[in-house]
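J.: Assemble the complex: chain F is given as a structure, and chains Y, R and E must be docked to it using the hints.
There are 4 protein chains.
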Amino acid sequence: MLIVMEHSATQGQVDAVLETIRGLGLTPQPIPGENRVAIGVLGNQGYVDEAPFRDLPGIQELIHVTKPYKLVSRDFHPEDTVVQVGGVRVGWGEKPVVIAGPCAVESREQVLAAARAVKAAGAHLLRGGAFKPRTGPHAFQGLGYEGLEYLAEAGRAAALPIVTEVMRIDQLERVASVADCLQVGARNMQNFDLLKEVGRVGKPVLLKRGMSATLEEFLAAAEYILLEGNSQVILCERGIRTFERALRNTLDLGVVPYLKGATHLPVIVDPSHALGRRDLVLPMAKAALVVGAAGVMVEVHPDPGRALCDGPQSLDPKGFERLMAELRALAPV
Amino acid sequence: MLIVMEHSATQGQVDAVLETIRGLGLTPQPIPGENRVAIGVLGNQGYVDEAPFRDLPGIQELIHVTKPYKLVSRDFHPEDTVVQVGGVRVGWGEKPVVIAGPCAVESREQVLAAARAVKAAGAHLLRGGAFKPRTGPHAFQGLGYEGLEYLAEAGRAAALPIVTEVMRIDQLERVASVADCLQVGARNMQNFDLLKEVGRVGKPVLLKRGMSATLEEFLAAAEYILLEGNSQVILCERGIRTFERALRNTLDLGVVPYLKGATHLPVIVDPSHALGRRDLVLPMAKAALVVGAAGVMVEVHPDPGRALCDGPQSLDPKGFERLMAELRALAPV
Amino acid sequence: MLIVMEHSATQGQVDAVLETIRGLGLTPQPIPGENRVAIGVLGNQGYVDEAPFRDLPGIQELIHVTKPYKLVSRDFHPEDTVVQVGGVRVGWGEKPVVIAGPCAVESREQVLAAARAVKAAGAHLLRGGAFKPRTGPHAFQGLGYEGLEYLAEAGRAAALPIVTEVMRIDQLERVASVADCLQVGARNMQNFDLLKEVGRVGKPVLLKRGMSATLEEFLAAAEYILLEGNSQVILCERGIRTFERALRNTLDLGVVPYLKGATHLPVIVDPSHALGRRDLVLPMAKAALVVGAAGVMVEVHPDPGRALCDGPQSLDPKGFERLMAELRALAPV
Amino acid sequence: MLIVMEHSATQGQVDAVLETIRGLGLTPQPIPGENRVAIGVLGNQGYVDEAPFRDLPGIQELIHVTKPYKLVSRDFHPEDTVVQVGGVRVGWGEKPVVIAGPCAVESREQVLAAARAVKAAGAHLLRGGAFKPRTGPHAFQGLGYEGLEYLAEAGRAAALPIVTEVMRIDQLERVASVADCLQVGARNMQNFDLLKEVGRVGKPVLLKRGMSATLEEFLAAAEYILLEGNSQVILCERGIRTFERALRNTLDLGVVPYLKGATHLPVIVDPSHALGRRDLVLPMAKAALVVGAAGVMVEVHPDPGRALCDGPQSLDPKGFERLMAELRALAPV
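Residue numbers (the numbering used here), protein chains in the order written: chain F, 1 to 333; chain Y, 1 to 333; chain R, 1 to 333; chain E, 1 to 333.
For reference, chain F alone in the conformation it holds in the complex (with noise of 0.2 Å):
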């Protein structure tokens, strides 16, 4: 950490600073500077408490060079992380994965169209929503446990491994019994708790990035499931709310060459979810692919026209079949 003064800080004040840190068991480092002190603190083993310090008169800034996760840091885990859902490896030194599916299962009959039209096409995961979080409480909610049924049985029909949202804690062991991958959505990637309980499950856990969250918060996120063990995980970007809003959300694809350098845990990218417009999927998962990503995850549905929920997102299995045509083409590149 490094403490800088305010430019009227007093000796008395900077000697408070530096006794604080002596009393700590570290050591402090003055750096004089012309215009203001700053005061280095060493000998600290992760990130230091900033309250004892509040308190001090004459201090301007705490500066943490100290991040605050460390598991899921390549500083610490240099090599790359492959995670392997049923027998599909996902990380960054891998073949990019293709993740589709409807946005939500509806029906028996509309989860297996999409999982052999999928199939067909060469996707690797099959995914599919039975818990759906939505704005308001008067949209379709998910068909639930009798979703997850339908959508384990398309799996096994088209012999696809499933990656699916879990929303609540009490559902995991029951999802983590027919899943492959547990999805944990944006609006819950500060769920702490339901963070904790999926890392101690044991099972591959596919992380999307909140829709205002800084990459240092979503890392954070990350290492609280690798803290219980668990480091099978997947990062996916889906896109940030900023102030436009003529497209959904802000597909933020420089995080992927970011995060490749920060961490070892592999990075894949939802455009379904981020544009929300079908015409623009095509274009930016290929780009997702371009700037290194480890895979793409895009919603198809048999019928999107009659989809009960992200339908003008949702690729019809002739434009799932295009993408694949065309990510394929990308390959030597």
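Just so you know, the hints here were simulated from the structure itself, not pulled from any lab data.
Note that beta-carbon positions come from the ideal geometry of N, C-alpha and C, so glycine has one too.
Here are the in silico distance ranges between beta carbons for each label pair:
| no. | chain 1 | residue 1 | chain 2 | residue 2 | range |
| --- | --- | --- | --- | --- | --- |
| 1 | R | Phe-140 | E | Glu-146 | 39 to 45 Å |
| 2 | E | Ser-177 | R | Asp-15 | 47 to 53 Å |
| 3 | F | Gly-229 | Y | Ala-139 | 16 to 22 Å |
| 4 | E | Asp-170 | R | Ala-139 | 22 to 28 Å |
| 5 | R | Gly-202 | E | Arg-108 | 36 to 42 Å |
| 6 | R | Ala-176 | Y | Lys-318 | 48 to 54 Å |
| 7 | R | Gly-202 | E | Asp-49 | 34 to 40 Å |
T.: Just chains Y, R and E, lined up with the frame of chain F:
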């Protein structure tokens, strides 16, 4: 709903939209313009689902006129709701309430001292966190049920009803057995299952606005609670996330008079979390009352310099006394 | 400046940084930590240029301790600056000023009527736009110099000093010959050439915060004016752009007490542009004074329903009278 | 325009709105709903002014269906515009262009070296700033006209047309006499007088998106230029300001396919300014072309470590060669 057709939409495309509307048992009302046609949708009792229109060609935009909430709206419930916490009344037309106490319960002594201090200065409700949501798992997570007991004891000792945060569903029963008001934090504003279960408990609820929640989303989140039969909900503005990071968050005081027109539920303001700096709490708390808030919630710690959580924004007992004096001086205005 | 080295930086990389610092005539101060090394840079008189460090391997981050401005900072100029507009004093410790008048000058009659009305109600300065920045070129762009003459006449008639916006450098001389204070609008806050030239004119300047300007950028923009020898600058918070679009902008009142600590220049608040709704102007204007603003600027139109620009946010004369009465009632607090 | 009445609006209030619409020579079209009445406004040729409706009681919302621009819209001009800079064609259907060169012209040698390097690697246009907008006045502001001469010489030497920024109106004539394309920077996107004057010059214009400009504002800014009779405008996405500050800006690549549908003007992408980090420029430049951008603009400096401006985001000649090679490899996709 209003459907805006593209400039280049053909008559056939317009006809297909008209037919679809009629197929839903609704009435289309075409509005031919010079540049493009728009079509009003009449006869709906609530939110019109977009799904049937999504794949129709020639549509430029779907504009919803009906909001995704109804129970929280003043349109359908013009009279102010007064929430009763213990014996304390919270409502737009009521005397403003002051909720005060430590960010986190840290020890029996700390919360007892805080309770005595805030009571002496005139606070109406005692706050204190037993379960703390923290960005990273390495930070202090609260004392849990032990903290809850200390808080309950402090409330009894000072004769103050207590407000405390719940983070997971399986805590609800035990927390509700001692707390007078259940707080749902900003990070859980769209933890929809928690909202539903909190709604079923039947205790007053303090719902904080999510860090990047629009007012529509905020009200729709409250709608989840009201739909379970509980309209004893207090809304709390606590600062939003913007591009500006010099202060912790941007306190959005303009929403107070805005929400006064939009909802019958009372709105209070938490300047401590919003600003993150003790010296800004006092002026912003005063401003909150001046714009009409039904109350304020402020952090008070017997010794902020040793706080385990959010110390820099906590007032000490003397600072809180001064705050109360200045708030009282506002009463005539 | 503080240079934070990467966890994996070698001693050779650290040495290269030390040598580079010494090569600039500055003094390096290494701060060895458990996880990484940081290096303080001492001896600089101002902002240290990043350039020489950019390509050195092993550097994780460069943290500036010195700000990109100096003249506007309270560190170097602790006493409040009082800006004198006509005979009216604007400053942190002064009686709050009220600047009022129409958004745009629309006719001789309109601005005369507005001037009389705001004078009668007790305003101190008259505002009115002759040159109007509008999002699209098809909207009313202001009456230009004709409007300026009307405004000047109205100011004389009502004995009120006038404030008006300048948009281009070649307007400066003529506008300055009649205006008592030159306004630089939010969209021009980083029109650096305009800032420089405005600084050279020697008239008081009202500088509005840009729609997405950080406080550091806001102060650095003012620094451009002060560097030309003109410290008669009033800063104006007018709402920032955030994800929330229910209101026109988010009025960021927390910056008022924050800036009071950071700069000697007075800060006023424009609630009319910030909120975009007449009914919110009154409560937010009161809140601005309560948090310590040196004044407020509000739009008043003799007949807001017929305003060519920003009618929905303009008060009518009766509304302004009420505002003045309520602001006066705040004086004791 | 659509006028949405309040739930509680009386018939008299509805009638007043109908009458006002008729008074403007337009045709009202009431759309009675279950919860509220909406009224369509028919017969307008363009944007309907809100002013006459602002003070009418009972109105909840005014929704514009017509946009504040027309000339830039594909609705009224379906064919792609091809901008010709020197002999280089820039357009949606054209071969993507690469604009490269130093952020700022720092010396004759520097820009000559940069020009040679980018030409050798295959760039189509040379960029370089003679006039530099900088956050604070203490930073390097560019060499001015001296820099312009060096840039012109470098362009001639390398046989590359040149693109350079103009910051003030009185620079226009002189800059236009040597530059092939005039750049308007992000901070000046709403400097409307500059836009008008740039439009009158008759040279191709490169207009950068403002840091927090919505797409509607971006297109409306371009409309200012087209309205002066100049449709040779290239739009440039360069990253927007969001809550995330780990990277300099958030590159908003989704706008490229979105704008392709909305406007006939070509859109290019500047990944250097957006990301602010050299290592992210390459992947993001590739992504820009994959999503369909008409070109990219990248910063290249012969010796980025000694750059006076934006060094950390500048490629060196070797890095640029690699970028060109990777962009070429994308051609088949």
